[in-house]
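Chain by chain, the residues run as shown.
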Amino acid sequence: MTPQATPPTVRIPAPEPATAVEELVQRHLRDVWRYLRTLGARPEHADDLAQEAFLVALRRGAAELAPAATAAFLRRTARFLFLHHLRDRHRDAAFLDAVDELFAREEANGGGDPQLDRLRHCLAALPPRAREAVELWYGVDADDETRRDHLAARFGLKPHGLKSLLQRVRRQLRDCMEKEPT
Amino acid sequence: MNPNEPEDRSPSMRAAMARLDTALYEHAGIGPAPDLEARVIAALAAAPPRARTWFPSQWLLAASVLLGVAVVGTVAWLQRHSTVQRATAPSPQDPPAVPPAPQDPEPAPAVERGVTWIADYADNLVLAVDATGKVLESLNEAYGVWDVEPIGDDRLLITEFTMSSVREIDRKTKRTVWSFGNLKNPYDADRLPNGNTLIADSFGSRVIEVDPKGVIVWSFAKDIRPFDCDRLPNGNTLIADVLKDRVIEVDAKGEVVWEVRGMPFAHDADRLPNGNTLVTLRNKGSVVEVDRDGEVVWELTGLMSPADADRLPNGNTLVAENQQVREFDPRGNEVWKKEVSWAVEVCRQAR
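Here the protein sequences line up with chains A and B, keeping their order. First residue of the first sequence: -17, per the working numbering; consecutive thereafter. First residue of the second sequence: 50, per the working numbering; consecutive thereafter.
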């Protein structure tokens, strides 16, 4: 009879507490990325620019500010990196300012995550066909017109008809999100 | 995606729709790269953030300044003299302006440029520069400043759009000696002769006058989005209203006593001594002077997103644009320039 082996003790290492920098990245990264996307950056480009914005802004002391100021500092840095990359610092300044203002208000209301929640509530309230159309449209490759043409056919529409439908749905969503409580 | 955009093509509507698209893509699974957070944290660990300093090495800067004194002095002398020459002999090539000058466009007299205060929105910075462009003073601890004005010789009033506050700062200690924060993204504030402060509470959709204790003693909030406001010598208030693309003058009772429409995205409006009004149209890249009938009597075009303009006592016009502040004579010739990252406000103070 073999002696019963003592079961090995497995100690699961407790996760190390996040550092201040990690917390800051976790808090702001997604919103900086959203901001860059809203300015017009492609997803992979937004990844790179967001990373660079953090490097530049934190080197200049952004981490020492109040959260709202840190967020604003990061956005401003991201905006300049984006325009610098385009080699066009004067591009549609009114639109860029409006995006700034919109994100400043969004930040004051808890950032982009509540906004995404609001969108999901509003999508849930759409008629099924409209919801399916918009979710599929944004889910396919934006550059692949063929796939989007197939999508239109799936709904029994011509490409232009699908775009008209989506335009109406977007307006509905925008109106809904403005009314949806934070 | 960009299916046919809605009819409203205003910047704010386009921004709202672009934001909606971002959220819809995110909902569909197109978000940041899954490893982006780890990448950023690793990159920051490899290049740890430094504390904010005003120069990588203050000793290095001091040495540079000392070595450059002679050069700067020479350049300053040359700039002062060449500026006057340019003003008297405007270059015909590629002038940035097409100004039917309202007054006899005599060459501007030699001027003492004094101190020019600039709010640099990109760099979170307020600067005071002399005629040579040399930085005399700076304020770093200011966030998203869209307006700055000196009060006397030792104070500054700044409007922080980002922080939704108006602060009076002691220039020597950099300490806040007065503030008002019950605001929503204001663009402009002025200290009045009676000690109160007039504030364009832009996204609070009101113009308010607050006393030193922070009590609102006057307000105008009739369907406006004010980007600029000035108390006029007659007691009325001039307001640049972006909501309705207009500039209005309202009396103490809140009645609109003067209005000029068709002023899209007016970031600034100043009543001039001759009774005309100078309006900065950011979207159009222009500054216009309109008379009491709303007729444009002078126009400066080809500007880069101007956010503020002041008519100087010598008849020149000082403009804050993206990347620079420029002074133009009445013919539209550039007679002075200071490059910055993103100027949104400028004012000139006699020394």
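Accuracy of the hints is not assured; some may be wrong.
30 Å max Cα-Cα, derived DSS-like pairs, lysine-lysine [said to hold, decoys possible]: (1) B/Lys302 to B/Lys233; (2) B/Lys221 to B/Lys262; (3) B/Lys183 to B/Lys262; (4) B/Lys233 to B/Lys183; (5) A/Lys161 to B/Lys271; (6) A/Lys161 to B/Lys233; (7) A/Lys161 to B/Lys293; (8) A/Lys145 to A/Lys161; (9) B/Lys333 to B/Lys233.
If you're looking for bench data, these hints aren't it; they were derived computationally from the structure. Predicted model only: the values in this text are computed from it and were never measured.
With a cut-off of 30 Å on the C-alpha distance, tell me whether B/Lys233 and B/Lys183 pass. 34 Å, violated
B/Lys302 paired with B/Lys233 [C-alpha distance capped at 30 Å]: The hint holds at about 24 Å.
Against the 30 Å threshold, does the CA-CA distance of A/Lys161 and B/Lys293 hold or violate the hint? At roughly 23 Å apart (the allowed maximum being 30 Å), B/Lys293 and A/Lys161 satisfy the hint.
Hinted pair A/Lys145 and A/Lys161, Cα distance within 30 Å: Distance of about 24 Å is within 30 Å: holds.
Given pair status - B/Lys233, A/Lys161, alpha carbons within 30 Å: Holds, at roughly 19 Å.
Straight-line Cα separation of B/Lys221 and B/Lys262 no greater than 30 Å? 23 Å, holds
So if I understand the rule, the pair passes when the alpha-carbon distance is 30 Å or less; does B/Lys333 with B/Lys233 pass? 26 Å, holds
Measure nothing beyond the straight line between the CA atoms of B/Lys183 and B/Lys262; if it is 30 Å or shorter, mark the hint as holding. Given pair B/Lys183, B/Lys262 is violated - Cα atoms ~37 Å apart, limit 30 Å.
Satisfaction of hint between B/Lys271 and A/Lys161, Cα-Cα up to 30 Å: Measuring from Cα to Cα gives roughly 22 Å; hence the hint holds.
In terms of the numbered hints stated before, the structure departs from hints 3, 4, listed from lowest to highest.
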